[in-house]
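Going line by line, the protein sequences match chains A and B.
In terms of the working numbering, the first sequence has 548 at position 241, counting the first letter as 1, and numbering is strictly consecutive.
In terms of the working numbering, the second sequence has 42 at position 13, counting the first letter as 1, and numbering is strictly consecutive.
Treat the hints as calculated values from the structure; they're not laboratory data.
Don't take each hint at face value.
[Unchecked claim] No farther apart than 25 Å at their CA atoms in a straight line, the calculated lysine to any residue pairs in the SDA-like style are these:
no. : chain 1 : residue 1 : chain 2 : residue 2
1   : B       : Lys-44    : A       : Tyr-683
2   : B       : Lys-44    : A       : Asp-685
3   : A       : Lys-526   : A       : Ser-393
4   : B       : Lys-96    : A       : Asp-695
5   : A       : Lys-713   : B       : Phe-356
6   : B       : Lys-44    : A       : Lys-713
7   : B       : Lys-92    : A       : Thr-676
8   : B       : Lys-96    : A       : Glu-314
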Amino acid sequence: MSIKLHEFHGGMHTEDHKAESLAPGLQQATLPAQLTLPLKQHIGDSNKPLVTIGDRVLRGQVIADSSSLISAPIHASSSGVVSGISAQPIPHPSGQCDVCIVIDVDGKDESIESQSQSQSKKIEDLSASELIDKIHRAGIVGLGGAVFPAAAKISRGDNLGIKTLIINGAECEPYITCDDTLMQNYASEVVSGIGYLQRILKPENTLIGIEDNKPVAIKLMQAAVIESAVAKTEVITIPTIYPSGGEKQLIKILTGKEVPAGKLAFDIGLFCQNVGTCVAITQTLEQSQPLISRIVTISGDGIQQPGNWEVRLGTPISHLINLAGGYKRNQSESQHLVMGGPMMGFSLPSDHVPVVKATNNILVMLQETIPFTPGYHDECIRCGKCADVCPAQLLPQQMYWEARAKNYERSEEYHLFDCIECGCCAAVCPSQIPLVQYYRAAKSEVRASRQALFRSDRARLRFEFREQRLLLKKQQDEERRRIKREALQKKNPKNPDTKTEVDPVQAALERVKAKKQSQAAEPKNTTNLTPAQLEKIEEADARRRAAREQRE
Amino acid sequence: MTSVMVSSPYVSPSKSLRQLMINVIIGLIPGTLAYIWFFGYGVMVNIILAIAFALIFEAIALKLRDKPIRPHLTDFSAVVAAWLFALCLPMNSPWWLVLIGIGFTMIAGKHLYGGLGFNPFNPAMVGYVVLLISFPKEMTTWYLPEVISGDSLSLLDSLAYSFGFADIQQWDALSSATPLDQYKTGLTQDLAASEIFQSPVFGTLGGVGWEWIAGGWLIGGAWLLISRTINWHIPVAVLVGLLIFAIGEYISDPGTRASPLFHLFSGSIIIGAFFIATDPVTAATTNKGRIIYGMMIGMLIYIIRSWGGYPDGVAFAVLLANMCAPFIDYYTQPRIYGSQDKDE
């Protein structure tokens with residue numbers, strides 16, 4: 308039983324370097340002395356800490372949460388005492404710090420007893436919304452790298468109706484083997500997780516996409532699917548080509564469909580979830596264990612013993628490096644630390660950052676293998692190799708020229724925002740131009756200018772509203788004064804100053820009328836224009852309107 | 030850890046800019062060897078002079094523009110441009126002709142626009158066309174292949190000739206029009222193709238010697254395709270564009286028109302298709318655009334050859350197509366992933 312596979316445009320074959328870290332199998336990381344848990348480890352709204360310094364926390368205890376739906380709570384990943392809530396270096400492309408809860412681990416690893424567990428219903432009896440709620444409270448996010456809160460995604464998919472559930476086990480980036488290891492060790496948990504997703508989403512069929520360079524995982528997953536009772540679920544072996552694990556690319560491979568530009572997979576009845584997320588769901592529902600650990604690959608030329616470790620979130624990366632036998636070189640200048648794979652990962656400022664929910668891989672590179680010299684690259688010779696490999700079928704070099712010229716509108720015309728930042732273009736560029744960096748910069752510029760435009764629009768509306776309000780107030784005041792004057796006149800009819808023959812109401816009306824006329828007569832800079840100029844103004848207005856509608 | 034934050038991807042390209050240029054140079058070798066074999070050391074002297082001048086001009090221009098000199102000189106782009114330029118010249122061209130041509134190639138054709146990657150026109154063709162228009166006599170003084178003339182210049186003779194130490198008259202007997210020139214002259218004299226081809230300069234496919242040189246370019250072109258230095262679109266489109274006209278004309282009037290094969294193996298059509306039109310900087314960059322661009326060059330070459338004022342039209346055709354490349358690119362953008370358009 309097999310489906311017809313499709314191809315996506317471009318992509319590239321890379322040296323996969325996966326064997327090194329796969330060989331030792333899954334290892335359990337020891338507890339570190341200290342855990343550093345950033346308040347925000349997901350895409351969405353920030354959490355607020357629920358503990359204070361000095362509090363004793365237990366494994367699985369919620370220590371930070373938010374009322375927002377698009378968020379995921381943070382749990383203590385072991386027992387200990389909160390020793391600090393402060394800004395610490397976190398693994399983030401910006402290299403900046405964020406607020407973290409630091410726990411001094413006591414080594415007892417005591418778990419919080421879930422009181423609700425004993426009282427609650429059996430999992431079989433839970434409704435879809437109760438399942439989603441449990442997933443939300445467990446702090447589960449998409450573990451493929453995007454770290455979008457899983458519960459929010461599932462409930463959105465549930466509302467929209469899902470035809471096909473796609474489980475992503477492609478793991479196309481070189482060096483990374485955490486999903487492969489996960490499928491080899493937790494195949495039945497992956498499949499039970501799929502079962503829960505099926506219960507909530509009720510898809511017509513489920514496809515598990517795995518690249519053909521993981522034969523062991525494929526065999527084990529197939530066996531687990533057969534063994535379990537999940538219906539209409541198929542393990543699909545897909546060819547190894549980067550970036551087949553990109554959501555849009557995997558969808559194209561498995562279904563032949565393309566997610567319409569600017570839309571999401573839901574919109575065409577598809578729902579993608581990573582294999583790691585499925586395991587987290589199973590562990591939450593069956594063992595009431597929230598997301599407090601994950602599998603992390605440590606690999607690269609610069610590490611002594613590459614491998615995969617199951618690690619508590621918040622463990623310092625230096626602790627993991629020690630578990631992997633340490634660096635090959637002593638001088639720290641001669642190596643480079645990357646979180647994620649070599650195609651889409653980002654540099655880490657040091658190994659004093661913690662493992663977070665998004666940490667799938669730690670890559671220790673030797674400095675000399677970094678191809679780019681920061682600040683210098685050859686010029687683009689327009690060879691078009693970037694367009695040949697672009698899986699989004701963009702014209703990367705045109706986008707680059709426009710982004711480089713700070714012509715951001717034009718780079719948007721070349722579909723800048725359809726770029727998935729997979730890095731293929733930069734990886735094949737003979738001039739070694741850091742193309743993706745240009746796109747990231749251009750994207751953030753565009754976002755910033757959109758925000759600025761939004762703010763200025765809002766400010767203008769406010770200003771206009773204020774003007775209107777002031778005018779109204781002035782009129783009301785005048786009206787009040789007039790009434791008062793009239794009342795005074797009636798009281799004091801002999802006042803010689805008053806010209807009784809003029810009706811004051813009439814006079815006030817006349818004044819307003821005259822004022823209006825003078826206002827109307829006041830020349831504006833748009834009067835006395837030639838028809839051509841008027842037409843131009845009209846055009847500009849139409850453009851502005853169209854742009855505003857598009858933004859909205 | 031290094032404090033330098035480098036952006037992903039952390040992967041070296043399989044082909045660097047320099048590697049691409051070296052591939053082109055490797056591709057040029059078989060044709061160049063054939064060229065030297067048939068026409069003597071004069072060809073080699075041209076190439077060496079051109080490369081030397083080009084590197085000097087490049088270095089001066091980079092110095093004036095405050096650019097790093099070493100990385101740009103060693104990317105070999107100047108060598109490729111100079112080599113291609115030198116191949117366009119008649120063998121044993123005087124040194125000053127090479128100097129002027131290369132000056133225009135490197136300065137006006139390349140650096141005035143901002144250097145490698147910014148030039149809208151193929152620099153080698155710019156230099157060549159400037160010479161062609163300014164020095165028509167020098168640029169049309171070609172020599173018979175040594176197999177026909179029986180004479181051959183030694184390397185020293187060639188050098189002496191290029192630098193003006195030897196008497197020019199001495200070798201004037203060797204000079205001759207190129208086969209394409211003769212064909213063109215024949216056409217204007219209303220001669221039938223069969224009569225024109227009586228001349229000893231014509232071989233089986235093209236001109237004597239020239240057909241072998243074209244074969245050399247073809248081998249080099251195949252290497253460029255196999256090594257993935259270029260995509261197939263442009264060369265194939267150039268040849269198809271030329272053949273559409275050549276075959277059409279030949280069928281309609283086989284008496285006066287040369288065979289399509291003659292067109293293919295004469296002049297610089299093969300080197301033009303594989304080495305000159307494929308200069309990525311000045312060509313169209315979308316695959317659909319490359320086909321239009323290549324077809325345009327192929328057709329223009331035939332038009333200029335048959336009805337224009339010059340015996341061969343590769344340089345003009347390429348420059349005209351260069352002008353259109355940005356326009357072609359804009360209107361041949363590929364359909365992006367997830368686009369709602371059926372096909373753009």
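Worksheet item: Out of the numbered hints, which ones does the structure contradict?
Response: Result: hints 3, 4, 6, 7, 8 break, sorted rising.
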